[in-house]
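Participant: Make a model of the complete structure from these sequences and hints.
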Amino acid sequence: IQKLKRTMSTLRTLKGLVNALADTFVSRNNDVFGYWAMGMLYRDARESGLEAIEMDLLGSDDHDASVVVDHVSSRYRARLAHWCDSRHVKLTRASATARFNLPDSGQRRAWNDFGEPYQVTFQLTDASGRQATASRHGWCRVHDPAMEIRRSRWGGA
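Just so we're aligned, residue 251 is where the sequence shown starts under the numbering used here, counting upward by one.
Please keep in mind that the hints were generated in silico from the structure rather than gathered at the bench.
Heads up, a few of these hints could be off.
Pairs of lysine to any residue residues, derived as SDA-like cross-links and limited to a Cα-Cα distance of at most 25 Å, are as follows [unchecked claim]:
1. K340 with A328
2. K340 with S324
3. K265 with A377
4. K265 with G309
5. K265 with E297
6. K340 with M397
7. K265 with R329
8. K340 with F283
9. K265 with E304
10. K265 with W333
11. K265 with V317
12. K265 with S385
13. K265 with G365
Label-pair ranges, simulated between beta-carbon atoms [as the list claims (entries may be wrong)]:
14. N279 with R391: 15 to 25 Å
15. R391 with L261: 13 to 23 Å
16. G379 with T347: 39 to 49 Å
These figures come from a predicted structure and were not determined experimentally.
Virtual Cβ for every residue (Gly too), placed ideally from N, Cα, C.
Facilitator: Dropping the structure here:
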């Protein structure tokens with residue numbers, strides 16, 4: 251029985267994983283080359299004429315994806331693999347979708363009311379068919395290095 255418990259994930263574990271992914275994804279600490287990842291992804295989506303960016307977090311890198319999407323998805327792919335290994339979770343599907351320029355709900359807060367609304371949704375399915383989904387909403391503007399300060403702890407050139 252103990253061995254069986256180690257190989258089976260629970261819905262509670264899946265919900266914890268999917269919520270942790272969503273929380274860290276929209277965090278200001280999620281940066282790409284020293285800039286907030288959401289703004290960078292929004293810029294890529296707009297330049298490509300897209301309103302959404304989808305990322306497969308189980309598969310390999312998408313060679314058609316931008317450098318930013320590739321960077322973000324590979325980091326989250328590695329993070330998810332580590333978390334799943336440590337919790338003995340076997341996934342059959344893991345995806346993240348970032349949607350930009352959504353209709354404004356009017357529920358803005360004074361400290362972050364710049365830009366347009368976005369929504370990020372993570373979906374996980376384990377080997378038993380259990381599914382967990384988590385979404386986060388916020389506002390961001392298209393990345394513009396002239397208006398933003400690069401993260402000081404960023405190690406790139």
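Participant: Next, verify each hint and record whether it holds.
Facilitator: Structure-based check of all given hints:
| no. | hint | result |
| --- | --- | --- |
| 1 | K340 with A328 | holds, 14 Å |
| 2 | K340 with S324 | holds, 18 Å |
| 3 | K265 with A377 | holds, 15 Å |
| 4 | K265 with G309 | holds, 21 Å |
| 5 | K265 with E297 | violated, 33 Å |
| 6 | K340 with M397 | violated, 42 Å |
| 7 | K265 with R329 | holds, 16 Å |
| 8 | K340 with F283 | violated, 31 Å |
| 9 | K265 with E304 | holds, 20 Å |
| 10 | K265 with W333 | holds, 13 Å |
| 11 | K265 with V317 | violated, 29 Å |
| 12 | K265 with S385 | holds, 12 Å |
| 13 | K265 with G365 | violated, 29 Å |
| 14 | N279 with R391: 15 to 25 Å | holds, 18 Å |
| 15 | R391 with L261: 13 to 23 Å | violated, 36 Å |
| 16 | G379 with T347: 39 to 49 Å | violated, 20 Å |
When held up to the earlier numbered hints, the structure conflicts with 5, 6, 8, 11, 13, 15 and 16 and fits the remainder.
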